[in-house]
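Colleague: Protein chains in written order, with our numbering: chain Z, 1 to 482; chain U, 483 to 890.
In short, the hints are calculated from the structure, not lab data. We put the beta carbon where it would ideally sit given N, CA and C, even for glycine. Please note: incorrect hints may appear among the correct ones.
What the hints assert, rightly or not - Now the in silico label distances, taken between C-beta atoms and shown as ranges:
1. Gly877(U) - Ser4(Z): 38 to 44 Å
2. Trp365(Z) - Gly618(U): 48 to 54 Å
3. Leu350(Z) - Ala588(U): 52 to 58 Å
4. Glu354(Z) - Gln762(U): 41 to 47 Å
5. Thr319(Z) - Tyr797(U): 29 to 35 Å
6. Arg364(Z) - Asp573(U): 39 to 45 Å
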Amino acid sequence: MSLSLAVSWVLPWVTGASVYMALNPRRAQGWIAAALGHGLVLGPLLAALATDVCARSDTTHAWTHAGWPLAAVMLLCGAIAWRRVRVTMPEMTPPPRVEKWKMALCAALLATLAWRAWIALREILLRPTFPWDAWDAWAVKSKTWFLLGHYAPFVPAHDWLALSPPEAYSGPAWSYPSALAWMQVWFASAAGGWVEPLVNLPWLALWVGMLLAHFGQWRALGLSASRALVAVYALGSLPLLTVHVALAGYADLWMAALFGLAVLAWLRWRRDGDSGQLVLALACAAVLPWLKLEGAVWLLLLAGVAGFAALPRRLRWRTLGIAAAIALVGAAVDRLPLPLLGLGWAKVGLTRIEVPVIGALSVRWHGSALAGVSMALFGQSNWNLLWWIAPAIVVWRWRELCAQEPLRLLGALLLACTLFLLFLFLFTDAARWAESYTAINRLLMHVVPATVSLMALLLRDVSLAPARGGTAPASSPHSHPE
Amino acid sequence: MIRRGVCVAVVACIWIVLAALVAGLDWSTPLLPQKQIELTGSDFRVVIGAGVQDDRALRVAAVGTDGSALQARSIGSVRAEDFPVLRYRFDGFPRTLELSLVFRRAGEDDVHSETIPFPGDGWTSINLSRLPGWSGDIVELGFAQYATPDVAPASVAFRPFRFDQAELWSPSWRGGLAALSTSWFGYTPWALLSVSALGPQREVANPPPLLPFAVAGCVLSLLAAALILRWSRSRLVRRAVIVLAVLWGALDLVWLADLRGKHDLTEDIYAGHAWSVREQLAPDQDLARAAAAVRAYFAAQPVPRRILVTGEAKYVFLRLVYLLLPLNAAPLETGVAPPSLRDTYILVYRDSRWRYDATLGALLDDRGRRLDPSGSIFRDRFDAAERLEPVLESGDLHLYAFRAGQGS
């Protein structure tokens, strides 16, 4: 590995971790994993931002142009983190003893994760970019900009044909967000050429970072180390997530990671009032539309639930009722405007939805898509047992779900996301993407880490040991980290 | 103790009944097949490619000019419904190849060809009753091999292998369960759809999925055990958690085995080569060669303003656009009307919708409408100010440029 390549990896990682630590200097349980994980997820995106801002005119040497501002951010955040950590460093309690069988189980689970990481690494390093949209949609801009040596805009086909000479480029994915493209330019410039395995390698780092960051945040939210590890295994073993690492190049894994981390940071802020976590949640959520157009919808739903939660209790249901009434009336007259960041204003009606760039979707029941949706969730091996188990856990732990506000809010958010997906695939023209399985699983993926978070938090206090004299599995109101 | 024994028996019954339902078996189905037709490899003749007899097997040593191999034999007249299970055994069958079952029905000239599961070690079985064409009287049967679509480049896909034997079985529990086992635990290669869904494969046999079967078996077994052994609710919940955790782990192991098989194919193709070589080993080598030829052509020419690309399939022209980068190319969208097509090149790759008319100096579609440099892409008037002329032609690749001069 060349020095430039090594620096292009280490610099974003350390910068991302520094930013996390500057925002969250409190050494809560799992803070090291959270910092390293967020560094791996946020770092490449910070590199993409720096490349977008600083290297448009010379993409061949993008990483040298963008590296300096990134290094400055790293030093600044590192200094802030150092100062704040020293001030806020609490007494760390030594970890309690863990039974040997639990350690063996955790080691085995980690070994299976390491095994699939190794396979994914070899897949990425050996193979030219394989999945269709990876080269058609997500790498087309980065390859153009890097090989061209500078930025060029992408425009609709009719604009491109009208330009003479055409300074712009065109293609089916001209409107797609460009965050991942700039990230690939960063890594291509560090590699010194358009070497597809090296520009696809961040997907493995993302997967590792997502698991580490979730582990850290779950620990901070009260899961014991062994339970957090089991949850990490549950998330990391989901087959379609592994596929998106091995066949790198799609934006969906980034969406899943960022949405999941935004939700966890928001929950931590709700619980602890830690402003750093709020900033982190806002940053992760704001990045979503910059990654993929659907991110605007997740951002809207997240903002809606967060706004609902921010209201005084007495105003919540009244406000929700008024909002629902306005939405219903607006939809009835085909004029309900919905702001979608990065897309513009969508117009929602009872029979038709118009989304800028994407086009119009007619609204009607598509019963034929029900089989595709069911198969994707419960038949194919995409998600192991996740969608069988998740409803069962919600029913089993219903009282806890209702009793704890953070869980209630997370449940409401995931319910809203699920209803949106069901509406999209059963009531609009997108039904054909459910029938052909081309999109349903990839959109579901965006909410999968957040779903695993809900499951993990619902099960954090459950004890499988027989309760003395009791009839129900033991549970305690407070977690006891091991 | 008696309750435990009863519980074990009931749980075993639950799994057997479920497996029978999924495999399409009933109580009248015999345990072992009543009738078998053995088809030894040496009895097959090589139709495409090359092969030699190897004792009772057939050693396939080469593919034909189209990159495929086919071995077939006449089987008299076999009633398809009487033989719903096919077993086959190959030795050293490369992962880079896909296997198809080829058969002909009595009174038909056309053959049916259906992708069937990859033959791993030992016997592989498939339930033929799920194949659309497996009905009536079968008179000829064979196996075809070709580079795994989407994944394996044709130039490195073939390696010699040995075809040992195939067998047609009448309905039986053994055959039905073996076919089920192949469909659940057999390896399937990566496909373009893999990134969107795992499960729908190229084989048209459309096997029943493992997941609902496993969940139903576990849930029913737990309920039966709870009833028979009089478990308390808390014990049932504890056991359910353990059973589902074990099931999760077991399904994960099945997935890891499949992932390993998928990855072995990648290793077979790419391992040990430098990036410059691996880059050329794309599954669509013909497109890569065409793009390289166009880029080489323009290396000695002024950089083109734009290239409009068309091909017979969406994959073809989109892939070409990507491979041509950084040349400014985009798909030819026939519905879009540009103000001018001057300084534009047209790249036609294996597209039978267009034919070049040298007299008119234009590309015509199948309805005689022409692609010309003014007004719109489709025009019925033939008053083009410039002629479209081929500047690079190589096999399926046709590159046209607008040249000065009155078109007719």
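Colleague: Work down the list of hints and note, for each, if the structure agrees.
Modeller: Comparing the hints with the structure gives:
no.: 1; hint: Gly877(U) - Ser4(Z): 38 to 44 Å; verdict: holds, 40 Å
no.: 2; hint: Trp365(Z) - Gly618(U): 48 to 54 Å; verdict: violated, 39 Å
no.: 3; hint: Leu350(Z) - Ala588(U): 52 to 58 Å; verdict: holds, 57 Å
no.: 4; hint: Glu354(Z) - Gln762(U): 41 to 47 Å; verdict: holds, 45 Å
no.: 5; hint: Thr319(Z) - Tyr797(U): 29 to 35 Å; verdict: violated, 49 Å
no.: 6; hint: Arg364(Z) - Asp573(U): 39 to 45 Å; verdict: violated, 55 Å
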